[in-house]
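Student: Protein chains in written order, with our numbering: chain A, 6 to 455; chain B, 1310 to 1501; chain C, 77 to 1080.
For the record, the hints were derived by calculation from the structure and aren't laboratory data. Yeah, the Cβ is synthetic: ideal placement off N, Cα and C, and Gly gets one too. None of the hints are false.
Sample of chain B residues facing chain A (criterion: CB under 10 Å; computed from the structure):
#	residue
1	S1477
2	K1479
3	M1480
4	G1481
5	W1482
6	L1484
7	D1485
8	H1488
9	T1494
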Amino acid sequence: MATLAQPRTPVTPPTYAEITRDVAATLGNPSRGYYILLGFVLTVLAIGVGALLYQIRFGLGVAGYTPPVMWGVYITNFVFWVGIAHSGTLISAILYLFRSAWRTAVYRTAEAMTVFAVLTAGLFPLIHIGRIWYAYWLFPYPNQRQLWINFKSPLVFDVFAVSTYLTVSTLFLIVGLIPDIAAVRDVATGWRKKLYRITALGWRGTDQQWRHYLKAYLYLAALATPLVLSVHSVVSWDFAVSIVPGWHATIFAPYFVAGAIYSGVALVVTLLVPLRKVFRMERYITGDHFDNLAKLLMLTGFIVGYAYATEYFLAWYSGNQFERAAFWNRAFGDYWWATWTMIICNAFLPLFLIFRKVRRSIPAMFVLSLFVNLGMWFERFVIIVVSLSHEYEPYAFGHYTPSWVEWAILCGSFAWFFTWFLLFAKNFPTVSISEVKEIIPMPRKGRAHT
Amino acid sequence: MTKRVLLAAGVLGVGAALVALRYGAPSAGLRAQQDTTAARSAYVAPVDVDTARLPGPKQPVFYRHDIHAGQYEMDCRYCHFAAEVSRSPGMPTLSTCMGCHLVAGAGNPEVEKVRAAYNEGRPIEWIEIHRLPPFVQFPHNLHVAADLTCQDCHGPIERMPQVYQYASLKMGWCLDCHHEEDVTTECTVCHY
Amino acid sequence: MDRRRFLEVLGVTGGGTAALAGCSTDQVEKLIPYLVPPEHQVPGVATYYATTCRECPAGCGLHVRVREGRAVKVEGNPESPVNRGRLCARGQASLQGLYNPDRVRGPMARTADGRFEPITWDEAIARLAERLAAASGDQIWFVTGHETGTFDRLVDEWLNGLRSNRRVVHEPFAYEALRRANRDVFNVSALPTYDFAAATYVLSFGTDFLETWVSPVEHARGFSAGHGFAEGRMGRYVHIEPRMSMTAMSADEWIAPVPGSEALLALALAHIIMRDRGAAVPPDALRLRALLAAHTPQGAAARTGVAVETIERLAREFAAGPSLAVAGGIGAQHPQAHVTAAAVNVLNYVAGNVGRTVRFGPEPTVAFGGGYGDLADLTRAMREGRVGVLLVHGANPAYASPAGLGFTDAMGRVGFTVSFARFLDETAMAAHLILPDHDPLEQWNDAEPRANVTALQQPVMQPVFDTRQTGDILLAMARRMGGRVGARFTAGSYKEYLQQSWQALQRRLRNSQPFDVFWAEALQRGGIVTESPPRPVRLGIGAAGAIGEATIWAAPDEPFTLIAYPSPVLHDGRGANRPWLQELPDPVTKVTWSTWVEIHPATARRLGIAEGDFVEVTSAAGTVTAPAYLYPGLREDVVAMPTGQGHTAFGRYAQGRGANVYHLLSAEPMAFGGVAHYAAVTIRNTGRHERLAKTEGRNRQMGRGIARATTLGALVGSETPEAAHEEHAAHAAPVPERIEHILDEWQEAQYAEARRGNYAGEHPRWAMAIDLSRCTGCSACVTACYAENNIPTVGPALVRHGREMSWLRIERYFEGGEHGEPLETRVIPMLCQHCGNAPCEPVCPVFAAYHTPDGLNAQVYNRCVGTRYCSNNCPYKVRYFNWFDYQAPQDPTFAWPEPLHWLLNPDVTVRAKGVMEKCTFCVQRIRGVQHEARLADRPLRDGDVVTACQQTCPSDAIVFGDLNDPTSRVHDLAADRRGYRVLEELNTRPAITYLQKVRNTREA
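Just chain A, with the same shape it has in the complex (with noise of 0.2 Å):
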C-alpha cells in the first residue's frame, strides 16, 4: 500500500484560504439543477416504498419467487450495499494508517458513501423476511416467552456485523468532519451557521484539542481496520456454512472482502467523477487520485478474478459430482448470461487499467467503475440464485426471475443511499479541509497565514 502513497500535490498549492474557501463554495445555495436531482430521486424512493408497502400488504410472493430459489435480488443487493461500504473505511482508515497522504482528497466522500451504503445495506434483510413485523426477535433480548435466538445462525453474526459497521463507521465519518464543519461554520452564514455551531462541538482548533483529536481519530481508524475485513467475511459466511454447492467453499471469506473493496472503490469513482465537475475541485481531485484509485482496483479486481478462477478448479477437482453440476450450471445453464456478464466485467475488464492512460483518464475510469459495479452486483446474483436454482433434487429444480415489485425496490434503495449522499454533499464538506491543508507545503515566508 505503501506504494500508493506518493504524495502528489496540486501543480499551484493553493493556499489555506483558498482552500477553505473552495469547499466551503461546494456548500453555497443549492442550483435548480440539484432540486431537479433531488426532486427525482424522491420520486424514485417514494415508488420504492410504494411497492414495499404493497408487497408487505399481500405477502413475499408479489416478488418473483420461484422455489427453490428463496433469496433473489434482495439478499443480492444486501449483499452488494454491504460489499459498497467497505472500501470507505479502507481508504479512509487503512490508508489513513498507512499514512498515505493522497486519500486525503477523497477519503471524506468515501466514508458518506460508506454510512449511506450500510444504512441502505441494512434495510435488505427486513425487506426479504416473510414477516419483517416480528424482525426484532432476530435481536438477543429477553421476553415474555422465554424464548432466545439461535447463535449458530449465521443469520444473528449478521445482525451485529452490520450494526456494529454502522455505528463505527458513522462514528468515524462524524469525529473527521468535525475541524472542517469548525472551518465552514466561520464562514457560514443563518441557519446553517447554527447547525455547524451545535455539530463543531465547540471546536476551535487550540493545539490540546488537535492532539486529542488526532489520538481519538487514530484509534478509531485502529478500531475500523479490523471491521473492513470481518464484516464482509460475516456475511460471506451466510453462505459458506450452508450446504449449497456452489456456496460450501473455504475461500468465501477472502473472496467476498475482496469483492467488497473492488466495487467499493469503483463506486467512490462512479461519485467523484461528477462531484469534482460539479464543484470544480480539479484542483484537489487530480489525475492522481485516480490512478492511485485504479491501482486499488486493479489489485483487488486480480484478488477477484483470481477467486473465479479458484470456485471452477475447485469443483472440478473435487470430484464432488454436486460441485461440478452447480458450476457447470452456472456457466452454460440458464443463467449463462448474468455469469459471463459478472466474470467479464470483473475479470477482464480491469484489465485495461494496465495501461496508465486509461487509469489517468477520467472518462474511461467512469464507464469503467460503471461495469464493475454492474459486474460486482451479478457476481452476487449468480451466486446466490444461481447456486439455488440447481441443488440436490432434480425433481425440485427451478427457475427464478425477479418481479417488477423486486426492480422498483431495488432501484428505491438507490434512491435512498442518493437522497442521503445528496443532502450531505450540500450541507457538508465533502473534501476534508483540515487534512488538505496538512499536506499542502508549508507556505513560504511573506505569505500571510489564515
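Put chains B and C on the given structure of chain A with help from the hints.
Tutor: Leaving out everything else, chains B and C in the frame of chain A:
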C-alpha cells in the same frame, strides 16, 4: 344420541329442581339464595344486578357462576363435563341448562331468556373470555388429570358474578408453571 | 379463517343442534357411531361413522372422522373387503364434494330469461308432479349414474308405477367391451373379481387396474401383495399398451404394440400355450384349437410389431405359474376392444386362470346396467321429441359424451328436464328444474360394489345446504300422485324404504337377529359381507365367434392415433371441481390444473413442438387445442390426452380449464355399445406457448441415486451384486480409506451431543420406511396429507412459480428410454426426512426449526420470521413457504371459500402468511396418541401412531414407528438390505429409510 343426553340431563335436572323446591320457592331468585345458603354453604352470592360495574364483558345472559358454582357448590364439570375427557371443554348445551331450569328459577328474567332461547331453538352466543391464539394446542383433559383445579387458570370462578379473564394466558405464564412442575417445555407439545 | 373462532362457534351451535335434534329433525339422532357410544360425542373428541364412498363404482368403505358435528376427514373402512381401510385420492377428496362452495344450495327453477332462481321445495315438487301427471308413461325418461343398490330398484319401481320403462344408465366408464366379451365367451354379463394377490404373473392388455379400472384400491392392495418384494420372492408384471400409463409405470416390462392389435398378441399367446401344453388346457378349450392355430406368433409379430421371441417368452412365462391377464381398460377401448377382451378371456381360460385368479360371483351378481348405446337412443328420442319429462340423477351426459352426439342440443327439445345434480354441471345448466340431492356423505343409501358385498351409506352430519335426498323426492312424488304409483310404496321416507329392502335382505340371508340389531351392526360395519363360492364358468358357444373375427383395429391412415385415457385423478371429469384433485399432480406427467397432449420427444422434435406449445389435435369428430407435454412413454405414432377437463360449467375450479377430449371421440356407438377412446388424428403446432403448470423440475435424476432400484436377480444372488448397486457406486465419488475414517470420527463427535441429549434412553425416535417396490405413485398419500394437515391449494399460476404447498410429493424419474434401452420409470414419495442431523436447524436464527427429543424435525410456525434459510439449506427441498395469505377471504389467494373451511382439521394450525411449513410426521396424531396413552397410563405400542399418508396408502408402502423400539416394524425395515437413505453422503441422518424398488427381470 341427544335423546340420551336429554334423558340424563332431565333426570339430574328434576333432582336439582326438587332440591331447589325443598329450600323455598324457586320463583324469587333472591329469597331462594338466602334460604338455601342458610342450609347449604357459608357463601351467599351478593344480590347483584349492575353488570356494568362488574369486571369482564357483559354476556347475553347474566349467568352467575357465583350462584351456581359458589352458593350451590355445583361441580364445574356438571356443565363443562368435556374438560375431563376432551382437549376442549366445550360449552354446555342448552339442554344442560334446561335440565334444572325446566323447573327451577322460573320468573327470574335471566332464566326466562334461557328458556326462550331453548324454545326458539337458537343457541345463546356467549362472549368468549379465555382465548388462546389459534396456533396453541391446550388439552384440558391432561391438565385436569394432572390435578390442576379450574381455579388455577380461571381464577375464583365460584366468586365471579360475571366472568373475567384471570390469568394472562401468555406463553411465559404457561412456561412458569411448566418449569415449576418440571413438565415438558418442548415446543411441539403445544405448537403444531 | 381463525380455527379457534370457527371451533367456538361450532361448540355452541353444534351443541345447540344436538339439543334440538330431539324436537326437530331426526336426521342425526339415530346415527350409530362406529363402535363408540353416542354419549361420547364430546366437543374436541372425534367420532367415526362408517359409510360408503360413491366417487366411483368401486364402492370402497369409509370411516368419516367427525368433530363437533362436522366431517373433517375421510378414511378407508378396515372392515370393507373392497378397500380394507385404504383409499385413493378421489375418495379422500369426497370431503370437498360435501363442502364444495359451488354446490346447489337449494331447489332452483329456470326463468324465462334462462337464469336459475331459487324456489321452495313445495313449489318445486308441485311443478314436477304437475309435469309428470301431464306426461304419458313412456314419455318419462330417467337417466341415472351407475346405481347398484336400493335406489336402483326404487327408480325402476317408480318408473314402472308411472308406466314407463325408459331407464337409462349413463356411466362413462361402463366397460361395455369387457361385459360384451364376458357374455360372448362365458355367457356371464357380470364383471368377475380379479385376484392380483394370487397371481405371480400379471399381463395387462392396456388395462389401468391401479387407476380407474373397476376397483383400483382393491387391485392396488392385491397387486402390491403379489408383486411387492418379500422374502426373496415377487411376482412379475408385463404391461402391453402403446402408452405407459401410471399402472404401467409399476411394470417390470412395458411392451408397446401397434395400437389396436393387442387381440392378436393375446391369441398368439393362447396359440403357443395350446401348442406346448395341449393336454394341460381345459378340454372344452380344445374346441378353439383350429381357430387358434391360425394365430401363429409369426403372424402376430408381423402385425403387432412385437418380436416373435418376445411373444414366445411371454407365453412361456404366462403358462408357468398362477397368472392373470386383464383387458378392457378404458385407455385401450378402441373400436375392437371387445375382441381384445374376448381374446384375453380365452387366454385366461386356456391357461386355466378362470376360477383361480379370475372369479365370477354367484347369481344374482352385480352387473353394470346399460351403457353408451342407451344414451344414444335417448338422444335420438329427445331429438324426435319423444321425451316429455327427462329426469337426470348422478350423471352428466352433456359433458361426458362425444360432442357429435349433440346431447345438449337434443335436451332443448325435451318438454321438461329435471336435474337432481348437486352442482350446476353441464347437464343441470340445460335443465328446467333443479332438485339438489344430498351429498353421499349426507345420504341414506346402499350399494353392491361387487358380489357378496352390500355396503351401507349413512349421513355423517346434518345436510350442509337445503338439499333433499332424491329417494325421498321420488317417494313424496309417488304419494302425491297416488293411484298406481302411490300404491306401490308404503315407506314414508327413503330411509324407511331402505330398511324395508334390508329386512328383505335379512330374510334372504336367514339371519335370525332382531332387525334393529342386524341394522345397527350393519351400520357399524358399513355394510355386510356374505359368503358364497365362486361360480364355475365354461366357454360359451359365442367364444369362437367372439375371437373368430379377430380383426384388429387399423387406424385410418392419419399420422397419429389418439388415446383418450381415463385420468387417474379426475376420473371421467366428476373430480374436476375439487381443488385437491385439480392441484394433485398427474401421477405420470406431474401436470396440474390443465389438460395436455402427450407427444413422444422424437415426434415433437420432428414436428418442431416444444413443451408448452399449444397443439391443435384434429379428428374426424372435432378439434381441441392443448399444450404439449413431451413424454417418452409413448409410441412415436401415438398421442395421448387425459379425460376430465374442459368443463363449460360445474363450478369455479372446473369451469373453462383445459380441453374436453370427448370432443375428439366418435359419437357412433361401437360394436360393443361403448364409446371408442381411440381416434385417428392429425396434430398441428399453433405457435401459442404457455409454461405448463407442472411441479417437476427435471425428470432425470442425473445419477444421484435418489430413487434407486435393483433387480430380483441381484437380491436372490443369481446376478452379481455390482449390477444391483452400480448406481450407488456411480453417485458417490470414491473416497480414500483414511478420509472415510476421519469423516466417520467427525460425524460421531458431531453427533455424540445429540445422542446424549435426545436419542438415548426412553425417548422414541420417530421414523418411517417407504417400500419403493410397493409404491405405485398413485398419489393417494398426497391428497390424504392435504386433508389431514390443512394444506392450502394455490392454483395454476402459483404452481407455475413452484409455490405448491404439497408437504408430500411423488417424484417421478425416467431411466433409459434413449437410444434403444427400455424406458424405466421410478417413483419416490419425497417428504421431510426429519434428519437426525438436519441442515435446516442450525441456520434458523430464532429456533423455529429445531429438533425435538423424540427425533422430530419440528417447525414452530408462530416463531418463524420467514428468513427461508432453512429451505435453502434443505437438500431435499421439502420445506414450503406461505408466500401469500391463504386464509384471508379478502385476498385473491383465499383457499377455503365457505363452506370449504369446514373441512379444516381443528387439531392443526392453519399457517399464517410469511412462515415456513413442512411435513410434521403428523405430530398432531403423535401427540394425540401420547396423550391418550398418558391418560390411560399405558406405554405406546408399535402401530399406535399412524400418519395420514400411511393410513391411506392402497399398497401399504409406508410404515411409521419408533426406531428405538427394537420390536417395531420400522426398526426392522431400517436395517433391511434394500434400505437406503436419500443423499445420505451429506450426513443428514434422515429418519426415512427407502427400500429399493425391485425389478423382476427374470425371464423364463
